[in-house]
Amino acid sequence: MPDKRMSMHDAIATYVHDGDSVAIEGFTACICFAAAHEIIRQHRRDLVLCRMTPDLVYDQMIAAGCARKLVFSYLGNPGVGSLHCVRRAVEKGIPRPIELEEYSHFGMVGRYLAGAYRLPFFPLRSYRGSDLPTVNPRIRSVDSPYDDDSVAVVPPLHPDVAIVHAQRADSDGNTQLWGLLGVQKEVAFASRHVVIVVEEIVETDVIRSDPNRTVIPSLLVDAVVHEPYGTHPSYVQGYYDRDNTFYLGWDGISRDEEATQRWLEEWVYGVQDRAEYVEKLGPETWERLEPGTAMAQPVNYGQYN
Amino acid sequence: MPDKRMSMHDAIATYVHDGDSVAIEGFTACICFAAAHEIIRQHRRDLVLCRMTPDLVYDQMIAAGCARKLVFSYLGNPGVGSLHCVRRAVEKGIPRPIELEEYSHFGMVGRYLAGAYRLPFFPLRSYRGSDLPTVNPRIRSVDSPYDDDSVAVVPPLHPDVAIVHAQRADSDGNTQLWGLLGVQKEVAFASRHVVIVVEEIVETDVIRSDPNRTVIPSLLVDAVVHEPYGTHPSYVQGYYDRDNTFYLGWDGISRDEEATQRWLEEWVYGVQDRAEYVEKLGPETWERLEPGTAMAQPVNYGQYN
Amino acid sequence: MTATCTPSEMMIVAAARALAGVRTVFVGVGLPNSACNLARRTVAPHLELIYESGVFGARPARLPLSIGDPTLISGATSVCSMADLFGLYLQGGRVEVAFLGGAQIDRFGNLNTTVIGDWDRPKVRLPGSGGACEIAINARQTFVIMRLKRRAFVEQLHFLTSPGHLGGGDERTALRFPGRGPQLVVTDKCIFDFDPTTREMTLHSLYPGVELAEVQEEVEWDLKTASEVRETAGPTDKELVLLREELDPQGLYR
Amino acid sequence: MTATCTPSEMMIVAAARALAGVRTVFVGVGLPNSACNLARRTVAPHLELIYESGVFGARPARLPLSIGDPTLISGATSVCSMADLFGLYLQGGRVEVAFLGGAQIDRFGNLNTTVIGDWDRPKVRLPGSGGACEIAINARQTFVIMRLKRRAFVEQLHFLTSPGHLGGGDERTALRFPGRGPQLVVTDKCIFDFDPTTREMTLHSLYPGVELAEVQEEVEWDLKTASEVRETAGPTDKELVLLREELDPQGLYR
Numbered sequence: 001m002p003d004k005r006m007s008m009h010d011a012i013a014t015y016v017h018d019g020d021s022v023a024i025e026g027f028t029a030c031i032c033f034a035a036a037h038e039i040i041r042q043h044r045r046d047l048v049l050c051r052m053t054p055d056l057v058y059d060q061m062i063a064a065g066c067a068r069k070l071v072f073s074y075l076g077n078p079g080v081g082s083l084h085c086v087r088r089a090v091e092k093g094i095p096r097p098i099e100l101e102e103y104s105h106f107g108m109v110g111r112y113l114a115g116a117y118r119l120p121f122f123p124l125r126s127y128r129g130s131d132l133p134t135v136n137p138r139i140r141s142v143d144s145p146y147d148d149d150s151v152a153v154v155p156p157l158h159p160d161v162a163i164v165h166a167q168r169a170d171s172d173g174n175t176q177l178w179g180l181l182g183v184q185k186e187v188a189f190a191s192r193h194v195v196i197v198v199e200e201i202v203e204t205d206v207i208r209s210d211p212n213r214t215v216i217p218s219l220l221v222d223a224v225v226h227e228p229y230g231t232h233p234s235y236v237q238g239y240y241d242r243d244n245t246f247y248l249g250w251d252g253i254s255r256d257e258e259a260t261q262r263w264l265e266e267w268v269y270g271v272q273d274r275a276e277y278v279e280k281l282g283p284e285t286w287e288r289l290e291p292g293t294a295m296a297q298p299v300n301y302g303q304y305n
Numbered sequence: 001m002p003d004k005r006m007s008m009h010d011a012i013a014t015y016v017h018d019g020d021s022v023a024i025e026g027f028t029a030c031i032c033f034a035a036a037h038e039i040i041r042q043h044r045r046d047l048v049l050c051r052m053t054p055d056l057v058y059d060q061m062i063a064a065g066c067a068r069k070l071v072f073s074y075l076g077n078p079g080v081g082s083l084h085c086v087r088r089a090v091e092k093g094i095p096r097p098i099e100l101e102e103y104s105h106f107g108m109v110g111r112y113l114a115g116a117y118r119l120p121f122f123p124l125r126s127y128r129g130s131d132l133p134t135v136n137p138r139i140r141s142v143d144s145p146y147d148d149d150s151v152a153v154v155p156p157l158h159p160d161v162a163i164v165h166a167q168r169a170d171s172d173g174n175t176q177l178w179g180l181l182g183v184q185k186e187v188a189f190a191s192r193h194v195v196i197v198v199e200e201i202v203e204t205d206v207i208r209s210d211p212n213r214t215v216i217p218s219l220l221v222d223a224v225v226h227e228p229y230g231t232h233p234s235y236v237q238g239y240y241d242r243d244n245t246f247y248l249g250w251d252g253i254s255r256d257e258e259a260t261q262r263w264l265e266e267w268v269y270g271v272q273d274r275a276e277y278v279e280k281l282g283p284e285t286w287e288r289l290e291p292g293t294a295m296a297q298p299v300n301y302g303q304y305n
Numbered sequence: 001m002t003a004t005c006t007p008s009e010m011m012i013v014a015a016a017r018a019l020a021g022v023r024t025v026f027v028g029v030g031l032p033n034s035a036c037n038l039a040r041r042t043v044a045p046h047l048e049l050i051y052e053s054g055v056f057g058a059r060p061a062r063l064p065l066s067i068g069d070p071t072l073i074s075g076a077t078s079v080c081s082m083a084d085l086f087g088l089y090l091q092g093g094r095v096e097v098a099f100l101g102g103a104q105i106d107r108f109g110n111l112n113t114t115v116i117g118d119w120d121r122p123k124v125r126l127p128g129s130g131g132a133c134e135i136a137i138n139a140r141q142t143f144v145i146m147r148l149k150r151r152a153f154v155e156q157l158h159f160l161t162s163p164g165h166l167g168g169g170d171e172r173t174a175l176r177f178p179g180r181g182p183q184l185v186v187t188d189k190c191i192f193d194f195d196p197t198t199r200e201m202t203l204h205s206l207y208p209g210v211e212l213a214e215v216q217e218e219v220e221w222d223l224k225t226a227s228e229v230r231e232t233a234g235p236t237d238k239e240l241v242l243l244r245e246e247l248d249p250q251g252l253y254r
Numbered sequence: 001m002t003a004t005c006t007p008s009e010m011m012i013v014a015a016a017r018a019l020a021g022v023r024t025v026f027v028g029v030g031l032p033n034s035a036c037n038l039a040r041r042t043v044a045p046h047l048e049l050i051y052e053s054g055v056f057g058a059r060p061a062r063l064p065l066s067i068g069d070p071t072l073i074s075g076a077t078s079v080c081s082m083a084d085l086f087g088l089y090l091q092g093g094r095v096e097v098a099f100l101g102g103a104q105i106d107r108f109g110n111l112n113t114t115v116i117g118d119w120d121r122p123k124v125r126l127p128g129s130g131g132a133c134e135i136a137i138n139a140r141q142t143f144v145i146m147r148l149k150r151r152a153f154v155e156q157l158h159f160l161t162s163p164g165h166l167g168g169g170d171e172r173t174a175l176r177f178p179g180r181g182p183q184l185v186v187t188d189k190c191i192f193d194f195d196p197t198t199r200e201m202t203l204h205s206l207y208p209g210v211e212l213a214e215v216q217e218e219v220e221w222d223l224k225t226a227s228e229v230r231e232t233a234g235p236t237d238k239e240l241v242l243l244r245e246e247l248d249p250q251g252l253y254r
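Chains as they are written, first to last, in my numbering: chain A, 1 to 305; chain B, 1 to 305; chain C, 1 to 254; chain D, 1 to 254.
What you were told as hints is all true, and nothing was included just to trick you.
Taking lysine to any residue pairs in the SDA-like style, the calculated list, with each CA pair at most 20 Å apart, reads:
1. K69/A <-> V124/C
2. K69/B <-> R121/D
3. K4/B <-> V22/C
4. K224/D <-> E214/D
5. K92/B <-> P122/D
6. K92/B <-> K123/D
No lab work stands behind these hints: they were computed from the structure.
The shape of chain A in the complex, shown without the other chains (with noise of 0.2 Å):
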């Protein structure tokens, strides 16, 4: 069995390229800020980002310069407010200009089906009387040949690089995925390249034990990164909770140009990687995001021989 493991220095040196589109998901849960800070220590620019919620892990790529052009379906600090760096950018072009290409949610999980599923299209009822496609014409709609109807559609998204985050893998990439799905699965299928980063490397025997629950089969890993804590302020079910209280405090950070650049100085280029960044932030942190324990009950495949 092929071994792809990688540090994220050599897996984002080799995998994410200047220009590049590059698609870092997780909804809520398993955002790999880890990557992208690595990706900010190695000051890639003009990437085209996409995402459903750009969220803080985009909001600080932004604030580095790295993107041209983001696409997307949400701009907020969930449950918290604005992304202010995105705002910069978009209101007033600090760092740099950005260009923007809306959907809605089911807009952009249309657009990873139909590239997973390598369709010219994805149909669905959404659109019809707002604004979006005014400013966004690769919406637009296909006529039922059964009657009628008429649906809205979106064209499919083939990210170079996509990089999911798990709870575990094997050593060749086939990874498994519990707690919010996201669109994890849809855009590994979708994407050129797949950079799987987990919080744990299992035996093979591990995956194979419970087959349902594989997301991501090896056959479309290009690299596996083993980066414990790899998502925080984001989290990973069963691993470590979300750091609210970061959420929370990056509103007032993020408001401040200066303030944001200082806190990239600190905690991006300052620390050599995310083992560094785990140590920096300290024993009591994780301890305060440590949750209990709810394991799930047991269930038999059978042997048959």
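Fit chains B, C and D to the known structure of chain A by using the hints.
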């Protein structure tokens, strides 16, 4: 929490009527023969039977004269050969002629998806160059609004009732399934009524301990039937094996119309319910079909309070 | 008998009552979330919460800050992909009521959550649609929760993100929208519903102590009112106790 | 050195060799299954089997009777819904090689698995497409395994279930088929490939001891042959030992 438990007799009496379109799905696994036999015992007529692989379950219902039409994609005894009862109906009109509406596997999946997604059609890359559209006018095509590409489409399928077998559910109908998933989720969401049949009724806490394993939410479910061994000669992953001996033996029985009717007399009309069928098969059968244990490795969802 | 309460509490109570008998509600965090939890303890015992993050039947052990909070997953009935959530649950017609809000709303319940000013040269760039556009079209009905402010209840939206009744009348039916659109607008001063024919927003009831003039003051257009504008019944002691002692002990929404 | 073997064994060996270096194969039960297992032990160590039942990376502990056998699930790398299998794996372009068969095949590799006689008044009703129609269109390439019989290798199909090269030439490209179509036909007497220009089935090699005349005898149309028809190399001892002692000890496919 509502308690939707019912006997198989009452579930069929309540939710399956003459002339209904009925989908008893399950790809090789989880095929609910118990429901089919009860439908035969209750002498339902003129049913439109929907199923990707009619299998022995519809071969028996068609031999019993329950159906006027078949909507399907593969008419075979898997790994064995023909479905002789279906062939007698199609080739000779015995016991009655049957109308065929024919698709490919992905076409049937697409029909359920369109139904479940409430779309006017589902697009897929199939059928071009094939004669299937010439014998099924429901298979059409749609042009892409983005380029000169075009794709085949199929219309939604909304069975009057879906009968879905699975490993376990709570009494409200929250259902968990593992092993082959087939189109069990899609057919449930596409159908007007849903009858769930399970090997085990469990406490809701068991379901809630592993929410990613829940394939069908109680929201869709009209009735929950507790019917151990309800799929024999099909199988339920981790509970019992497929009775391949029966599938091989059916080839001989079903070739002969009288032998088939004698079998129905003895094993369907001749027993009062599934419990009696299970007892009649005897302990040695169930020992023979007993699988070994292969537990899924545990996962932790974490406690967050 | 009626106890005194804050406008936020009154909003939560009013929204909760509107959920009487409802089985499935599509919900976000904040006030709507509290309203649903209150409804489950009072008028809608079988109410199940659906979150766009992919959660059905959540049993949160704490107040979630976001709709993706891990406390919504552990102990939930079902957690699915977003494709399934939007495709099978929402578009599949399984959502009875959805709560929506926005920066701007017009007289027909159309909503703007995208931008203040031009989309190309925005004065204020807002979050955008998220799931709101398809929710507004597919949910069987929607309830809007917004604080009453003149800059929010406007004559003309800067951008129409999520369709309400569009130009009014039967425009939704003409466009074959599966859902019936906005049925209720719950504010911190009053409750609006929509005229069955024109679909124009209509003042239904005023919270205790609120004057009609205050309401018109905060609405840009010439407001239609019901033949007789009633006073909204204040929260019962039971509702307030549940809210303050069980659902929102920290008083986040007081 | 070459050992004697049955036609079935020769078919399995020939099909296995054609999988050299392949990573993903879409497979059914029977001969193709044995061919894949043999290939994994010889020319394609990283070969992963994909079954239309929804299984990727199966590790069967016994010979499966059907593609939905529970022994294919326990210990597999991934088991998914049929929507995912056909949508993400097959149509998504992840299948390198797929095995197909049929009751009838024509000179361009088009297949009939639907009916003998008229579809409306069938002489023999066959199983139908199953997944074959979309497999024939989407798999990057397909290998056909069929016993050579004059009633099977026909001038004119009674029904075209699964498109091969259609009328030949570049008709597949004109229809924008993602896959390249049939590349090989493995029979119990010989192996055919397809002319790179006309896409017509062409005799590539004869099994040891088989005469050209026997082959033409079993083909309805006037058969094209390669400039020099070679003899297929018989199975090696290693191949036969693996096949007889490990993969098919009961000799089901002997």
